Amino acid sequence: MSKHKFTRACAALALTLVAGSSLAAEKKLTVGVADALTGGGAVYGLPQANAVKMAAEEINAAGGIKAGPDIYKIDVIAYDDKANPTEATNAVRKLIDRDGVKYILGFCCSGSTSAVASFIGNEKAVMLVGNAAERSITTKKIPNLVRTRPPADYTGQAAGTFIARKGQKRIAVLGALDVGFYAQYVDSVEREIKKVGGEIIAREVFSLKDRDMTPQLTKIRGLNPDAILVVGYVEPAAFVYRQAVELGMNIPRYGFTSGSEEQFLRVTTSEQMEGVWDLRPTELTLLSASKNGVAYHANYTKKYNASPSPSSPYAYDQLYALKAAIEAAGTAENTEAVAKALRNLAVPPQVVMQYQPVDGKMFDVNGQAYTSNGAFQWQKGKWVFVEDLPSDSKAYSQFLSTLK
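Everything in the sequence shown is counted per my numbering, starting at 57 for the first residue and increasing by one.
Take the hints with a grain of salt, since some may be wrong.
To be verified - With a straight-line Cα cutoff of 30 Å, these simulated DSSO-like cross-link-like pairs (lysine-lysine) come out:
| # | residue 1 | residue 2 |
| --- | --- | --- |
| 1 | Lys358 | Lys84 |
| 2 | Lys347 | Lys436 |
| 3 | Lys358 | Lys275 |
Unchecked claim - Pair by pair, the computed Cβ-Cβ distance ranges are:
| # | residue 1 | residue 2 | range |
| --- | --- | --- | --- |
| 4 | Lys197 | Val442 | 29 to 37 Å |
| 5 | Thr325 | Lys150 | 41 to 49 Å |
| 6 | Leu303 | Arg221 | 26 to 34 Å |
| 7 | Ser192 | Arg221 | 24 to 32 Å |
| 8 | Leu303 | Asp243 | 41 to 49 Å |
| 9 | Ser192 | Glu389 | 40 to 48 Å |
| 10 | Lys129 | Ser263 | 37 to 45 Å |
| 11 | Arg267 | Glu443 | 14 to 22 Å |
Calculated directly from the structure, the hints in this document are not laboratory data.
Everything numeric in this text was worked out from a predicted model, so none of it was measured.
In this text, a Cβ means the ideal position worked out from N, Cα and C, and glycines have one as well.
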């Protein structure tokens, strides 16, 4: 063999070896989604699942997740937990035991999420919680669990301050008060309005499946309140807003729902919604959105032919936080190292929600992230961001650390 032929052969062999090593280094990372894909909780869970899938496609298109010498492309498996604790437990057990999944995302609803949180600390898996707002999920200080949405009472305190500043003193509450995080929100509101001499004069309850709230509203109307506070899932809350107008209750209406315009307009009209306040974390609303938020809204709408729910980016942000943590840890196999990396993570530049870092980190020592809180008002067919609500993430983090 001539010298030139030998050189070309060696070069060809080297290229083959490089190509082979590149192919060998590209791996698949399966992430699981457990969320409410059907039923009443699907207004939150389905958009979250869609958001994870969209983020996975974006990350894969950009080259995947680089962990040490390996590059991972993401594959998503999603199971329906129906916002039910038993279904959620079964879904997560299937993801871990049958599918071998190490990273589980989603979790829109607190009851089902709390059921999984009760055992996830014993697993070699990492759980990233989205919209579920029950405070106890992060008071347990589970090392392999983080949450992107702040607890309900963190937001309730800011909402109570806002309502107190509006001057309404006698507030009637109607909502899903048998759900822990809604009750915690209302308790925080009450503490703040009491500081200015206000009071909650009624606490009426509806369930997820209720559609006729006229008995509760009629009772509230008889008490002649200054305002009504509605806390609960989107669809029953929309019926409350509609039926309050139909009953001639011309008083300020405040809420804690995180629903999109499309979700409300399936039940009520824009005219019946006019003037309603939603006092919630600063979630996705275009008039308050960052550049990332505007792009997310456009991409989601194009992909799914529907606008995303305001709370859906909690799950989208989960996957970008996980990507950053895996890359920082240099491994996708060692879940303990990834969990530690999450606790030391700065806010990734790709996220949509407007996080308030604690000591420069996205998640505090409890595994809890915080967003700012905002006052949104329905104006001429849209949720309009009006103002920031006072929020102190570091002070709340210190308080959360004292709880068990």
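Violating hint indices (sorted, rising): Hints 3, 8, 9 and 11 are the ones this structure does not satisfy, whereas the remaining hints hold.
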